[in-house]
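**Q** One-letter residues, chain by chain:
Protein chains: 2
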Amino acid sequence: MENKVSVGLLGLGVVGSGVIKLIENHQEKLAHQLGCSVQVKSVLVRDLEKNRDVNTNEIVLTTNPDDVLNDPEIDIVVEVMGGIDEAKQHILKAFSAKKHVVSANKDLVALHGPELQDAANRNKCDFYYEASVAGGIPILRGIVDGLSSDHIQKLMGIVNGTTNYILTQMDSEGVSYEDALKEAQELGFAESDPSSDVDGLDAARKMAILGRLAFSTAVDLEDVEVTGIRGIELEDLQYGDKLGYTMKLIGYANFDNHELEVNVQPTLLSKSHPLASVKNEFNAVYVYGEAVGETMFYGPGAGSLPTATAIVSDVISAIKNLRLGVTGNQFIEPHFKKELKTPDKRRGQYYVRLYAKDEAGVFSTISTLFHEREISFKRILQTPDKKHELAEIIFITHETSLENFRNALEKLKDLDVVLEVKSYYKVEGDAVT
Amino acid sequence: MENKVSVGLLGLGVVGSGVIKLIENHQEKLAHQLGCSVQVKSVLVRDLEKNRDVNTNEIVLTTNPDDVLNDPEIDIVVEVMGGIDEAKQHILKAFSAKKHVVSANKDLVALHGPELQDAANRNKCDFYYEASVAGGIPILRGIVDGLSSDHIQKLMGIVNGTTNYILTQMDSEGVSYEDALKEAQELGFAESDPSSDVDGLDAARKMAILGRLAFSTAVDLEDVEVTGIRGIELEDLQYGDKLGYTMKLIGYANFDNHELEVNVQPTLLSKSHPLASVKNEFNAVYVYGEAVGETMFYGPGAGSLPTATAIVSDVISAIKNLRLGVTGNQFIEPHFKKELKTPDKRRGQYYVRLYAKDEAGVFSTISTLFHEREISFKRILQTPDKKHELAEIIFITHETSLENFRNALEKLKDLDVVLEVKSYYKVEGDAVT
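Line order of the protein sequences matches chains A and Z. Here full-length UniProt numbering is used: the first sequence runs in plain steps of one and ends on residue 433. Here full-length UniProt numbering is used: the second sequence runs in plain steps of one and ends on residue 433.
One or more hints might be untrue.
As the list claims (entries may be wrong) - Capping the alpha-carbon separation at 27 Å, the derived lysine-lysine pairs in DSSO-like fashion look like this:
| no. | chain 1 | residue 1 | chain 2 | residue 2 |
| --- | --- | --- | --- | --- |
| 1 | A | K124 | Z | K4 |
| 2 | A | K341 | Z | K29 |
| 3 | Z | K320 | A | K154 |
| 4 | Z | K378 | Z | K413 |
| 5 | Z | K242 | A | K242 |
| 6 | A | K242 | Z | K21 |
| 7 | A | K154 | Z | K4 |
| 8 | A | K341 | A | K279 |
| 9 | Z | K337 | A | K21 |
| 10 | Z | K279 | A | K338 |
| 11 | A | K426 | Z | K279 |
| 12 | A | K124 | Z | K378 |
| 13 | Z | K242 | A | K279 |
| 14 | A | K29 | Z | K320 |
| 15 | A | K279 | Z | K378 |
| 16 | Z | K4 | A | K4 |
| 17 | Z | K242 | A | K338 |
| 18 | Z | K345 | A | K29 |
Hints are computed from structural coordinates only; laboratory data are not their basis.
Generate the whole structure from the sequences, applying the supplied hints.
**A** Quick look at the structure:
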């Protein structure tokens, strides 16, 4: 057996540099675990002249992808270039050349994961992508191996660090969404165009990947219903806080009787929920298994070295398989058929904030409308705003179907006494009293 | 390849019953993952006549261990009988018969894990024991596979549900240690003889196992310094709370430059620490890796079905290896040499509560004594108790060596003005302000 395994990288940004550093710094542990040394042989870059913050003296930098993909010495290709089409073509080519692939590319895996997995299987290659979800947290392994014996019923994830940072700052500092976003941009937690984070698209991609592995079914990106946090109002966080809840952008997925529900939306989470204490840029995934009950995996969702640990752990898994002669044995194809859950089967509690006329009988009119749809209230807050002669009413419903709630909400807007429905959010768990 | 794998059980208590239920209920998922069915063929029991809460119609119950250990049809033996000597002999016999073993027995693995691993390696057998630490949480996989690429520097665990339940109740209900223990016993969270839990021995066993895997070094049970929570006073929890800390029984381990520190002790944990929100009977393990930074694995630490999920996940891993022909390839032997860290190298912050004479200059005498040993104070609380003409003084030090702290504590007791040192605890993290 060879005593050295060569790795090729596609891309040399912050994560790629982290991979090189980690492999260089952990030679002793790698040799102990694998019985061989691991070497980064060549790296595909866009610009050969660019200054790198990592030592590349013994590494071939190249602008020709074939130098990596067609090099017979390279057994494992690590894709950290990002983007969709080019990365996909490179990975497919790597599989054709019988190379194992580790990718950190959530956009690509969310969109084309099943097709890539298929190509891997056909070529008896390994395809790992732990780093594509929740950076340094070994959550895909947790689901695929650690909970392999259980029936996972529900996933809830804080899988986007930018939005969690913004919501945490709004909550703890009492600042507006706009100010918190600006601060996040200054600190480098948010991009100058923050759309993919704040509109929930990034979280949606991760939920599609998580759902596929947790439920062994073909979750497509378009199955994920998405609402972001753009323009969320501080008042709703503050009322939530008063009622025992904290606002988080939650990726939610459940699967039972072949019926699937996956969405990403701002959610008022009971302060006693394990996810409620996940602050700032940290990520966590809460997994509810039929037998195991509540588990949670917590850690950094991004960053050069945390993401690199997930990638190198995947490289180690692939090398172990390679040395044992058992590559290409992933049992993670979609297996169960799926249907999207219709709104009458989607259950939830809801928070509503509205302005109504400040007159007798208003609340009774509103509550009758909800009761007629079999929705009862769990908590109510009513504050008269004397200056404007209106009342601000906040209530949280008991659990109901999404269909009934949507229906009640429509009718609510038509009521004469209701001036404006300011906001409504899903609620998870019971408030701490 | 066979299309059925047979499993034998040693023991049929609550966990054994959970294993049978889980395997029975998950036949479809197992077949999908493994390409074969899994069957519990026979079970070693003490009493053939006992009523079981699980269907054993198609299972052979026997009082003769050889019916399991010498049955050539059985490939995998699951040890859930508990105890040390008998269980150990059975497991060694299983390895000699080339059977793979899954054990949930933390006492046995903590005491004789390396010897058993050795026997497994000699016979090219798999030996898995995920369920021995933190029940349903896949923490051993998290460390061995998920963070395989990283250098783990520090572990902190809430790995005993009984003591966490007692401390949570004291904290939230304001009850004494004795009352909380009594309640835990009534609810079945504590045994009638609670020694092994409240004195920290159970947690120590789990820390020895965790330390071995995290640091790839031979952590022995006697390396673990243990202080339990027996007789802990509500006052210390309340003062801690006032200062921004919550009391937890923390298993702590760190390893650097081949120097090891492992202990279990009640610790005042900053409320902002991820472990601080782990309540009641839940367990969690916090892992600090050089590259990944902070991660945490949270879930149920005990219970029939959660523990059974860990066991069956191990069975699945062993069957995958079996079908791929790669059993006995665990790379988890102790590799690095170790020395125990001496007290001058063990760093920490400390909380002290004492009674002193209520007279001028007392606090200055005390603080001078600490400053002479290069220990400064971070927080101070002083309450005069007029009735008894004494002062209750509480302080938290900045980080110092254990040697300096012990030395100062000794001298403190000799001071004329100090009437009694009531308590002292290790402190982790910075208080939430």
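**Q** Now tell me if each hint is right for this structure.
**A** Structure-based check of all given hints:
For the given pair, A:K124 sits about 24 Å from Z:K4 by alpha-carbon distance, which is consistent with the 27 Å threshold. Only pairs whose Cα atoms come within 27 Å are accepted, and A:K341 paired with Z:K29 is accepted, the gap being roughly 22 Å. Straight-line distance between C-alpha atoms of Z:K320 and A:K154 comes to about 26 Å, which keeps the hinted pair within the 27 Å bound. Straight-line distance between C-alpha atoms of Z:K378 and Z:K413 comes to about 21 Å, which keeps the hinted pair within the 27 Å bound.
At roughly 22 Å between alpha-carbon atoms, Z:K242 and A:K242 fall within 27 Å of each other, so this suggested pair holds. Between A:K242 and Z:K21, the direct Cα distance comes to roughly 43 Å. Violation of the 27 Å bound is thereby established for this hinted pair. The hinted pair formed by A:K154 and Z:K4 fails the criterion: a straight-line CA distance of about 30 Å is larger than 27 Å. The suggested pairing of A:K341 with A:K279 is violated, with an alpha-carbon distance near 31 Å, which exceeds 27 Å.
Taking the CA atoms of Z:K337 and A:K21, the gap is near 25 Å; set against the 27 Å cutoff, the hint holds. Between Z:K279 and A:K338, the direct Cα distance comes to roughly 36 Å. Violation of the 27 Å bound is thereby established for this hinted pair. Taking the CA atoms of A:K426 and Z:K279, the gap is near 25 Å; set against the 27 Å cutoff, the hint holds. In summary, the hint linking A:K124 to Z:K378 is not supported, as the alpha carbons are separated by about 59 Å, beyond the 27 Å threshold.
Note on Z:K242 and A:K279: the hinted pairing holds, with a Cα-Cα distance of about 22 Å set against a maximum of 27 Å. Taking the CA atoms of A:K29 and Z:K320, the gap is near 25 Å; set against the 27 Å cutoff, the hint holds. At roughly 25 Å between alpha-carbon atoms, A:K279 and Z:K378 fall within 27 Å of each other, so this suggested pair holds. With a C-alpha separation of about 38 Å, the suggested pairing of Z:K4 with A:K4 is violated against the 27 Å cut-off.
In summary, the hint linking Z:K242 to A:K338 is not supported, as the alpha carbons are separated by about 52 Å, beyond the 27 Å threshold. Straight-line distance between C-alpha atoms of Z:K345 and A:K29 comes to about 25 Å, which keeps the hinted pair within the 27 Å bound.
Hint check: violations occur at hints 6, 7, 8, 10, 12, 16 and 17; the rest are consistent with the structure.
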